[in-house]
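A.B. asks: If you read the sequences in order, they're chains A and B. Residue numbers for the first sequence follow this note's numbering, beginning at 537 and rising by one. Residue numbers for the second sequence follow this note's numbering, beginning at 149 and rising by one.
These are calculated hints, taken from the structure and not from any lab test. Keep in mind that a hint or two might mislead.
Derived pair list, reagent style DSBU-like, types lysine-lysine, alpha-carbon separation capped at 30 Å [as the list claims (entries may be wrong)]:
#1 A:K803 x B:K399
#2 B:K221 x A:K777
#3 B:K221 x A:K663
#4 A:K818 x A:K777
#5 B:K301 x A:K574
#6 A:K777 x B:K171
#7 A:K582 x A:K777
#8 B:K171 x A:K818
#9 B:K389 x A:K803
#10 A:K810 x A:K838
#11 A:K777 x B:K178
#12 B:K196 x B:K301
#13 A:K777 x A:K574
#14 B:K389 x A:K810
#15 B:K178 x A:K667
#16 B:K399 x A:K663
#17 A:K836 x B:K389
#18 B:K393 x A:K836
#19 A:K777 x A:K836
#20 A:K777 x B:K395
#21 A:K663 x B:K331
#22 B:K395 x A:K836
#23 B:K399 x A:K582
#24 B:K399 x A:K818
#25 B:K393 x A:K810
#26 B:K395 x A:K810
#27 A:K838 x B:K399
Listing some non-contacts, in silico: residues in chain B with all C-beta distances to chain A over 10 Å [what the hints assert, rightly or not]:
#28 N199
#29 L219
#30 D228
#31 E296
#32 E381
The beta-carbon is built from N, C-alpha and C at its ideal position, and this holds for glycine as well.
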Amino acid sequence: MSVIVVGEVDGNDVKEISQQVAAVASGMGDVIGIVMGKGISDAAMKLSTSKIIIADDEALEYYDPVKFTSIVAQIVNQNNATKVLMGATTMGKDLGPRVAAELGWGYLGDCLEAGNEGFVRPNYAGKVLAKSNTTDSVVLSIRNNAYPAGESWSGSVENFSGEIPDSGLTTTTIENVGAGTIELTEASIVVSGGRGLESPENYDEHIRPLAAAMGAAAGASRAIVDAGWVTHSHQVGQTGKTVTPDLYMAIGISGAIQHLGGMSGSKFIVAINKDSEAPIFKVADYGIVGDLFEIIPLLKSKLEN
Amino acid sequence: MNIVVLVKMVPDTESRLEIVDGKVNESGFKYMVNPYDEFAVEQAVQFKEANGGKVTILSLFSNDGSIDTDLRKMMAIGADEAIVLRQDNYRGDKPSANATVLSNAIKEMEADLIIGGVQGIDYYQSATGPMIAHMLGIPHISGVTNLELNDGKFTAKRQVEGGLQIIECSNPLLVTCQKDMTKVRFPALKDIMMSKRKPFESRTVEPVESNDVETAECSLPPARGGGMIIEGESSEDKVDKLIEKLKTEAKVI
Ligand SMILES: Cc1cc2nc3c(=O)[nH]c(=O)nc-3n(C[C@H](O)[C@H](O)[C@H](O)COP(=O)(O)OP(=O)(O)OC[C@H]3O[C@@H](n4cnc5c(N)ncnc54)[C@H](O)[C@@H]3O)c2cc1C
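Let the hints inform the model, and build the full structure from the sequences given.
C.D. replies: In structure tokens:
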């Protein structure tokens, strides 16, 4: 039984999430990796699957749902594969459903668990876990950090030789908005700020430098996104991003149910809030009751030393 | 320009989530318009105001009529009509079945643009939009933060890791909206009054076979063992203790 893993590269490497997915898939059958892109062959070879099919083509420079779906489906059919797995990245969440529709298979997005004992995925922003035990063919996307990554090693390599269709979509460029910043959903530490910061200047003065000092991504509550202090791409919660880092720091955030939905799957949670009754403390592994304007500068300077 | 807006009715975010016999007890749920879909309605109306055409709201739901008032509010934003597909035993967690029913309805509507929210805040699959596009044989762009229309050509900005992918496409096209896309207006009283006279059609549709994976069992996530407050003489003392714990207990820094 063969299982397909759709890998993604980032610069000269395979994404960590793709190696995690490769590790999950290795328990499900003979794993064939697919990596699509332009000029990605060297990086693609690092995907930890025993066989790797590389589609390296001018036409694949940017992610395109129509082209990528067609390639994945062709490889599934040639290999009689019964599962397709990918990371729940912006690509995976977009590609997975379309591949499922093309193959006529079921789709389970953003799985927290996937294996022979079944599949678990979050409903209601993680407030409910839904388990299923299908043995049918299925397309899965897997949440970052749900599994440890497989070791990077290279299997046998083949080049994709099928057709790449036209899609009608033309990507002109990728605009780097946050060059040098770490992506929230991929970060192992997230430092988030809320209304307790009182102003956008304080977000820039306290949250961003602390995040930088910790090698963390900077997040936010909806209150300060709605107030226009930071863009929505920072928002954590039920109508923002779901993050599952090793460490989540909630600073001046009350811990509304919609915020908790996006971060309560984190391994460790730190809360800093001046109100000892703030609901965020109920989910925090370590809480400090106090004034953030006093605590954050201390924390930052001590971490920098 | 003929625009179809996909609107999903989802349980209110304050809904009590209680599990009975491995299933979520949905009996007390109140439904609201999926927040991401409101951006789609607003964007569609803006295109109509600039270029003319028609905006149709399309929603698939059960026979429960309690949602109609909320859907009418979307018409007050400026949509021209609403079609609600009523299905016995409708479930929001069957993206493939729901995409089949919705795409069948859209096939008869000659849409230039089909637009919806990036995800439903009930099951978070982000699946129905791309599946509908595939069933219609048209391209899609998901998670769009900005959509412009110039000389019949769409330019979309799509959020990706570390940046924005700029994509051009002509119609027909399916787009799903991210939250930053546009600001949703508060309808004026006269628009609210007018919306009551706009066409609102309920159509019965049959359930369809699909390969959607059925949920076998639901559970609440294990409660977090939180609640530990770090005590100390001074802020500095607390910070020292926190750093110590993060290093030695949690081992995350
Ligand atoms: C449909 C819907 C969807 C939503 N989706 C989301 C979502 O995705 N994400 C999200 O975050 N919210 C979401 N919300 C909003 C949510 O309900 C809260 O309003 C929001 O999370 C509050 O943000 P906050 O914690 O920053 O602000 P507040 O609740 O105002 O909390 C500020 C906190 O800062 C503390 N504080 C103040 N000054 C200091 C100081 N000097 N030092 C230390 N602490 C201080 C206060 O004690 C307080 O606890 C949603 C709401 C709805 C209705």
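A.B. asks: Need the status of pair A:K818, A:K777: alpha-carbon distance at most 30 Å?
C.D. replies: holds, 21 Å
A.B. asks: Hinted pair, alpha-carbon criterion (30 Å max): B:K196, B:K301. Please report holds or violated.
C.D. replies: Measuring from Cα to Cα gives roughly 15 Å; hence the hint holds.
A.B. asks: Sort out whether A:K777 lies within 30 Å of B:K221, counting only the CA atoms.
C.D. replies: Distance of about 27 Å is within 30 Å: holds.
A.B. asks: For the pair we were handed, A:K663 and B:K331, check the Cα-Cα distance against 30 Å.
C.D. replies: holds, 28 Å
A.B. asks: Regarding the assertion that B:E296 does not contact chain A, is the least Cβ-Cβ distance greater than 10 Å?
C.D. replies: The assertion about B:E296 holds, with a minimum of 13 Å to chain A.
A.B. asks: Take the C-alpha atoms of A:K838 and B:K399, compute the straight-line distance between them, and say whether it is at most 30 Å.
C.D. replies: Holds, because 17 Å separates the two Cα atoms, which is no more than 30 Å.
A.B. asks: CA of B:K399 to CA of A:K663, is that 30 Å or under?
C.D. replies: Given pair B:K399, A:K663 holds - Cα atoms ~27 Å apart, limit 30 Å.
A.B. asks: Verify the proposed pairing of B:K393 with A:K810, using a straight-line Cα cut of 30 Å.
C.D. replies: holds, 20 Å
A.B. asks: Starting from B:K389, check that the Cα of A:K803 is at most 30 Å away, please.
C.D. replies: holds, 19 Å
A.B. asks: Given the proposed pairing of B:K393 with A:K836, does the C-alpha separation stay at or below 30 Å?
C.D. replies: OK: B:K393 and A:K836 at ~16 Å, within 30 Å.
A.B. asks: Taken at face value, is the distance from the CA of A:K836 to the CA of A:K777 at most 30 Å?
C.D. replies: Roughly 25 Å between the alpha carbons, so the hint for A:K777 and A:K836 holds.
A.B. asks: Check the hint pairing B:K399 with A:K582 against an upper bound of 30 Å on the C-alpha distance.
C.D. replies: holds, 28 Å
Checked against the numbered hints above, the structure breaks none of them.
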